[in-house]
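Per my numbering, residue 1 is the first one in the sequence shown, and the count goes up by one each step.
FYI, nobody ran anything at the bench for these hints, they're computed from the structure.
A hint or two may mislead.
So the derived label-pair ranges between C-beta atoms look like this [stated by the list, open to error]:
1. LEU29 x LEU134: 44 to 54 Å
2. GLY130 x ALA48: 50 to 60 Å
3. ALA44 x MET116: 17 to 27 Å
4. SER23 x ALA120: 23 to 33 Å
5. PRO60 x ALA11: 18 to 28 Å
6. ARG38 x LEU134: 18 to 28 Å
7. ASN157 x HIS133: 38 to 48 Å
8. ALA115 x ASP155: 26 to 36 Å
9. TRP143 x ASP50: 34 to 44 Å
10. GLY137 x LEU93: 48 to 58 Å
Since the structure is predicted, the reported quantities are computational estimates derived from the model, not experimental observations.
C-beta atoms are modelled at their ideal positions from N, C-alpha and C, and glycine is treated no differently.
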Amino acid sequence: MGRVHAHAIRAAGAEVVAVASSSPESAQLGASRLGAARATQSAAELIAADDIDVVHVCTPNATHLDLATAVIDVGKHVICEKPLATTVSDAQLLADRARRGDVVAAVPFVYRQYAMVREARARIAAGEGGQLHLLHGSYLQDWLSGSGDSNWRVDPNAG
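Start from the sequences, fold in the hints, and give me the full structure.
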């Protein structure tokens, strides 16, 4: 997701300043791949940095609450990959905290910008399909499609 967020940052006219990851080595690799100015030693270092205005949280779901809370608590804006949290109460806590902190806190939903979704929206708006009563759509994500595939998304404690 970091690549997707880095692309969106640049498309909005901003700069990818720093990357944090699970280790300094991973952060350095990420910074290189994403074209960031630098890697940080930790998420805490990145969040505390004076030259960072917005932090994008693109980590496993179980880490969203702590990272987004840390960002909000220092008064910075946060873009948190979905889901915002792993429980409704944690998501509500983050929303309330962001509101009180007067920061922008957002969860991107990029599917609405996919070409096929934009085309469907335009056709519906133009009335090309007649009166719409029900619309059902789906798409295939091929990651985790193999019987041996595994990552944090299939771990109930992490995903």
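Structure-based check of all given hints:
Here the CB-CB span from LEU29 to LEU134 is close to 46 Å, well matched to the stated 44 to 54 Å. As the Cβ distance of GLY130 to ALA48 is approximately 56 Å, the hint placing it in 50 to 60 Å holds. As the Cβ distance of ALA44 to MET116 is approximately 40 Å, the hint placing it in 17 to 27 Å is violated. Distance hint for SER23 and ALA120: a CB-CB separation of about 42 Å, inconsistent with the stated range 23 to 33 Å.
About 25 Å separates the C-beta atoms of PRO60 and ALA11, a value consistent with the hinted range of 18 to 28 Å. A hinted range of 18 to 28 Å for the beta carbons of ARG38 and LEU134 is inconsistent with their spacing of about 50 Å. The hint said 38 to 48 Å for the Cβ distance between ASN157 and HIS133, and at roughly 41 Å that hint holds. Our hint of 26 to 36 Å for ALA115 and ASP155 holds, since their Cβ atoms are close to 33 Å apart.
For the pair TRP143 and ASP50, the beta carbons lie near 37 Å from each other, so the given range of 34 to 44 Å is met. At roughly 32 Å, the beta-carbon separation of GLY137 and LEU93 lies outside the given 48 to 58 Å, and the hint is violated.
Of the numbered hints listed earlier, those contradicted by the structure are 3, 4, 6, 10.
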